[in-house]
Amino acid sequence: MTEALMPLWEVFIRNRSGMPHKHCGSVHAADATMALQAARDVFTRRGESVSIWVIPSSAITASDPGDKEHLFEPTASKPYRHPTFYTVPDEVGHM
Amino acid sequence: MSADIVDRHGPAPQAAAAALVAYVLSLADDALVLGHRLSEWSGRGPTLEEDIALSNLALDLIGQARLCYSYAGELEGLGRDEDALAYRRDEHAYRNLLLLEQPNGDFAMTMARHLLYAAFLAPYFTALSASSDARLAEIGGKAAKEMAYHLRHAAEWVIRLGDGTEESRARMTAALDELWMYTGEMFDMDADESALSAQGIAVDRGSIRPAWEATLTRVLAQATLARPADRWMQRGGRAGRHSEHLGHLLAEMQVVHRAHPGASW
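If you read the protein sequences in the order shown, they are chains A and B. Numbering-wise (my numbering), the first sequence opens with residue 779 and increments by one. Numbering-wise (my numbering), the second sequence opens with residue 582 and increments by one.
These aren't lab readings, by the way, just hints derived from the structure by calculation. Nothing here was measured: the structure is a model prediction, and the numbers come from that model. Honestly, I wouldn't trust all of these hints.
[As the list claims (entries may be wrong)] With a straight-line cut-off of 25 Å between C-alpha atoms, the simulated SDA-like cross-links for lysine to any residue are:
hint: 1; chain 1: B; residue 1: K726; chain 2: A; residue 2: Y864
hint: 2; chain 1: B; residue 1: K723; chain 2: B; residue 2: A810
hint: 3; chain 1: B; residue 1: K726; chain 2: A; residue 2: F790
hint: 4; chain 1: A; residue 1: K800; chain 2: B; residue 2: A603
hint: 5; chain 1: A; residue 1: K800; chain 2: B; residue 2: I633
hint: 6; chain 1: B; residue 1: K723; chain 2: A; residue 2: V820
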């Protein structure tokens, strides 16, 4: 199996209506249709999934790990951004 | 309950009940034999993804077999449960189609066999879900959804292997050619099954042929493959006359149960 014939696809699954699709892994497949089937076969065996997205891994633009100092570290000193200063009523459900 | 304590000299079941038992057993045998064949791929699939997919397909079929064996055992009333029916019957008692016991061969052969059968079984179970027998209707409804995915999965592979490389195309062509002579048996019905069909319990197998033909025509066209020429059809599975392959399959499948009857974990 070569990477050219069977490229990598990222798999996103939504388990319940109203919830966002979540990244759950990747599969090798020849094309989008087969990637969708592979994702179904590999990642939805035990769940009550309602939707699958597959995206060519090559289409993802990722941040550079070397940039973490200026991308992420500045937020460490800003705890006031965490919504921890009030209680969320149960009725709100998922936020 | 084990088959050891079955009273073989008890009263014979009514003929109509016996016909229904035989019919449900044939559904169960079909599902178990193909399910076992697919399970032979576990750990040996061409890719990790397909390995899991093949095991999923196997588990669907084995699940269908269990439902049918349990129902057959209840109808029979001799105390045989699903294990007794699956593990304690010999080759000649099995009533599965010859197509389903054929060896996996290469991946093209496995997918060709699966397309030929799923293209039949998906619409068959859809029709069975309207059976006047509530248990069969329930089994048909559940299995129809499973088989719709089997058909989709097999069809996508047949299309890609047929319309693929020179080698994949040659292998798929050879597989369809070799298996074609086993397709006629899917549509055969004996007098008992015809009677069950007339009562709305079983499905008229002939009525499934247009859907089967339409599916094959569509998939083979997309695969740029020719439909194999019709020829003499091999039959005998429903009468317990099997190819040399079933005995080997059953030996492997039944050996643990027969060596340790009644064992559980």
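Note to self: With the threshold set at 25 Å, check whether the alpha-carbon distance from K723 (chain B) to V820 (chain A) stays at or below it.
What the structure shows: 21 Å, holds
Item checked: Pair hint K723 (chain B) and A810 (chain B), alpha-carbon separation not exceeding 25 Å -> Answer violated: K723 (chain B) to A810 (chain B) is near 34 Å, above 25 Å.
Next item on the list: Could you grab the alpha-carbon distance between K726 (chain B) and F790 (chain A) and see if it respects the 25 Å cut-off?
Entry: 23 Å, holds
Next item on the list: Please work out if K800 (chain A) and I633 (chain B) have their alpha carbons no farther apart than 25 Å.
Entry: 21 Å, holds
Checklist line | K800 (chain A) paired with A603 (chain B) [C-alpha distance capped at 25 Å] | finding: Given that 25 Å is the threshold and the Cα spacing comes to 48 Å, the pair is violated.
Checklist line | Holds or violated: K726 (chain B) to Y864 (chain A), with C-alpha atoms at most 25 Å apart | finding: Cα-Cα ~47 Å, so violated.
Hint violations for this structure: numbers 1, 2, 4, all remaining hints satisfied.
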